[in-house]
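One letter stands for each residue in the lines below.
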Amino acid sequence: MTTPAIRIQGLTKDFSVGMRGLKLRAVDGLNLEVGDNEILGLLGPNGSGKSTTIKIILGLLQASVGECQIYGKPSHTVDARRSVGFLPEAPYFYRYLSGRELIRFYARVCGVPRSQIKEQVDSVIELVGMTEATHRRVGTYSKGMLQRIGLAQALVHDPQLVILDEPTAGVDPLGSAAIAEIIRELKRRGKTILLSSHLLAQIEGLCDRVAILHRGKLVREGRVDDLVQDQHTESLVVEGLSPAGRAAVEQAITAEGGRLCRVEKPRLSLDALFLKEVQQQEAVRSDSTDTVEQGGKHD
Amino acid sequence: MIDSINRLRFIAGNTFLEAVRQKFFNSLLLISIALLASSTFFQQFDFGTNELKFITDFGFGALFFFGSILSVTATTQLFFNEIENRTALTMLAKPIHKLEFLAGKFFGAHMLMLCFTAVITLVLAGMLYWRETELMARLGDAFIDGRLVNYSDIFVFGLLQWMKFGVLTAITLFIASFSNTNLYTIVVSFFVLIICQLQYIARDAYSTMEAGIGRWLVQFLGLIFPNFQLFNIGDQLVFNVKAPIPAVTILQIVGYGLIYTVVFVLLAHVNFRRREI
Amino acid sequence: MHEGSFIEHPLVIRLRRIVVVLLVLIFVGALLRPIESPAWQVVKSGQSELNLEGIEGSLGQGLVVGVLGGFRAIMADFMWIRVNTIWERRDRTKLDAMIRLSTTLDPRQSFFWFNGARMIAYDVPNWRIREEGGYSEVPDSRQDEINREQAEQAFIFLEKAREFHPDEPKLVVEVAQIYLNRLKDIPNAADWFLKTSKMPNAPYFAARIYAELLRRQGLDREAYDYLRELYSELPNDPYAQKNIILERIRTLESILEVQYLLRFNPGDVSPVIAPANSHPEHSHHGHNH
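Chains as they are written, first to last, in our numbering: chain G, -12 to 286; chain E, 17 to 293; chain V, 94 to 382.
No wet-lab data here; the hints were simulated from the structure.
Incorrect hints may appear among the rest.
What the hints assert, rightly or not - No farther apart than 27 angstroms at their CA atoms in a straight line, the calculated lysine-lysine pairs in the BS3-like style are these:
{"#": "1", "chain 1": "G", "residue 1": "Lys10", "chain 2": "E", "residue 2": "Lys39"}
{"#": "2", "chain 1": "E", "residue 1": "Lys114", "chain 2": "G", "residue 2": "Lys60"}
{"#": "3", "chain 1": "G", "residue 1": "Lys174", "chain 2": "G", "residue 2": "Lys105"}
{"#": "4", "chain 1": "G", "residue 1": "Lys263", "chain 2": "G", "residue 2": "Lys252"}
{"#": "5", "chain 1": "G", "residue 1": "Lys174", "chain 2": "G", "residue 2": "Lys263"}
{"#": "6", "chain 1": "E", "residue 1": "Lys39", "chain 2": "G", "residue 2": "Lys130"}
{"#": "7", "chain 1": "V", "residue 1": "Lys137", "chain 2": "V", "residue 2": "Lys187"}
{"#": "8", "chain 1": "V", "residue 1": "Lys253", "chain 2": "V", "residue 2": "Lys187"}
{"#": "9", "chain 1": "G", "residue 1": "Lys10", "chain 2": "G", "residue 2": "Lys130"}
What the hints assert, rightly or not - Computed footprint of chain E on chain V; a stretch qualifies when at least three of its residues, placed anywhere within it, have a C-beta under 8 angstroms from a C-beta of chain E:
{"#": "10", "region": "127 to 136"}
{"#": "11", "region": "165 to 179"}
{"#": "12", "region": "275 to 281"}
Positions of the beta carbon are idealized from the N, C-alpha and C atoms, including for glycine.
In isolation and in its complexed conformation, chain G is listed as follows (with noise of 0.2 angstroms):
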């Protein structure tokens, strides 16, 4: 058995508040695992203890009870950070550098060897979509920009295991979809993926597992499919059934043993229907420009 990305063993973690030595349990006895090249989305409202978890498998806060390793070894370590990269929720960076810049000095900080620092941060940049807006200032890149530059900013020293903080908080759904597809593509060179959400939906189709906490508990955890699935019901989708037709399905369904629990039209959801409207669009778009541009290069 290979070893796991991230092991969580009865960490719990304890803040102090205020001065009467009264303490508030952030995280309570959580047990996880996260395999190597998984997606693990962790969900759960707002100060279910999410980040506090993250915080602490990232060695920024050390746990009360319990220990974390990441690929093995002690999350707390400096050692063990090496093979983690890390989008904070919201980011904000050095705004006077330019995009490029600031990924050049993480690279650095991170100790990527001299020879490789422009090769790497290249390819990073284009992986997360920046090319065209790198020689600008940080200070004045948009939210998503800054979602994505700060996806460089965690993969520019390749870690094997990707931490990301609420992705999409605060993104427009095509940012969304673009960072979504991003995480893919670090699934398909063999990344592991941690990302923490409140936003279900934009998650759904991503992770291969979710873990669910409630008020530092572990409240379920599986895979997608099957914590989602209604595993004793089936839905049929069909298309250009008659009245007729449609009762005798009715009938036979009876007659078979089941039961019509209910009828709906299928929705589709607002994400994907704003997706898909706006990739129409753009595909127009981009249509008309190549016509002009190949029209101009034959001047």
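Given the coordinates of chain G, assemble chains E and V onto it according to the supplied hints.
What follows is chains E and V alone, placed relative to chain G:
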């Protein structure tokens, strides 16, 4: 080890860059230079060679006053910017020791102070040289032994002030390491600065006090706070030809500053390690 | 939420940390004493004003900050500029306070001291006499009284100055000048010129004036003996103006009718041209009266 020094260098360089691009630094530098330049106003009083003393007072005063402000506020700002903007989160999630991060912040701020001190001392030396040359032409008599101002000593004084700013920066960093707000850090740091500036009174007082709890307390105070008065030897350096400060003393003062700086950075690290970011 | 044990109480933890930090600092302070102490002795010995006792009470709120460091010198400079403007306006009560404030803030400046003394001894009596009706109206006895009062103040002021600058002849000769010029008190003036002349770095003129004052008191013989001795002690420095002294010796010899053979023989002193020594005759800065 080399990796560690490199990381420290990058963090310090970045901190310095951030500080230099702040309006605050530039305006403070301009105000200090303007203050220095305004000392030409003494010309109209016809103080003779004492004009040089007035200009030096102004230069040293500007260096001390604005330097202290800059060193406390810039350090606080640079530290809390990282915390509040959560860039510290990104930095510390990298394979970096917290001490490297903190020392990087310190060196960035310290380089800023070096820049500030160098500019002020250069402008001061330039102003003095210009006025002294003019005065020499006018009042030849007073300059029989040559120039009155000891120019190299201006820079020795600059160095000592820089060392003092180093201790102050480290103290500010230490206070920032356990405080929650900008304002608290700045206020407490200035408070400590004033105590350090005046601790010599306590330090000298206990030698004449009667033994007892009072004396014990005063001695205790003298031991806790570094003696900043030790670095203020500008007048002895620049104008005193009769009894120049021995090089050993200068070295002792530099060593004193260095050790305190290291101690406060390490104390800051102990706090910072436990800090929840 | 739940209660922690006593040792884990945040207050206890915090207190423990503070104690540890204090102990570390005390340890470092004690460890550095051997470096700090000798350096501090050197630094302190050069700054006689490193005692704040004199300032207490006389300062306004705004000044306190200035007192706390490198700004004290600047404050003193500004006070001195204020002294000058007040002097122009002839506001004598304020003048007195401001002179004292400048010298308290920065006693290193002998410049502040003797210029302040001159204002107190020379200018203020003029103003007071004018306030009371002018030189022609105020009776001489009253004028003398005013002059004496002001001179006394200046003497006290200069005495304080000498505590900070025990080797500064300018502060001693200033007393002599006040006796001579303002009080017309020749015996006392002579005493003080003599005192000045015995100081290292004393201006040459102090001794010459002393001799001159002996003469004015009718002590020609004493003046003659003194000048003879002075002449042989003086270095061959053009600033010493030995030729003038010789001239005076000759005058006195003719007045005292000294026998030709007993007359002073300067020996073979060749005339000096090179400005070898560094004592300028005297240099007055600032105020002219």
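Cross-check of the supplied hints:
1. Lys10(G) <-> Lys39(E): violated, 42 angstroms
2. Lys114(E) <-> Lys60(G): holds, 18 angstroms
3. Lys174(G) <-> Lys105(G): holds, 24 angstroms
4. Lys263(G) <-> Lys252(G): holds, 19 angstroms
5. Lys174(G) <-> Lys263(G): With a Cα-Cα distance of about 24 angstroms, the restraint between Lys174(G) and Lys263(G) holds, given a limit of 27 angstroms.
6. Lys39(E) <-> Lys130(G): Given pair Lys39(E), Lys130(G) holds - Cα atoms ~25 angstroms apart, limit 27 angstroms.
7. Lys137(V) <-> Lys187(V): Violated: Lys137(V) and Lys187(V) sit about 32 angstroms apart, past 27 angstroms.
8. Lys253(V) <-> Lys187(V): holds, 20 angstroms
9. Lys10(G) <-> Lys130(G): Distance ~35 angstroms between Lys10(G) and Lys130(G) Cα, so the pair is violated.
10. 127 to 136: Coverage by chain E holds here, the residue count being 7 at a Cβ distance below 8 angstroms.
11. 165 to 179: holds (count 6)
12. 275 to 281: violated (count 0)
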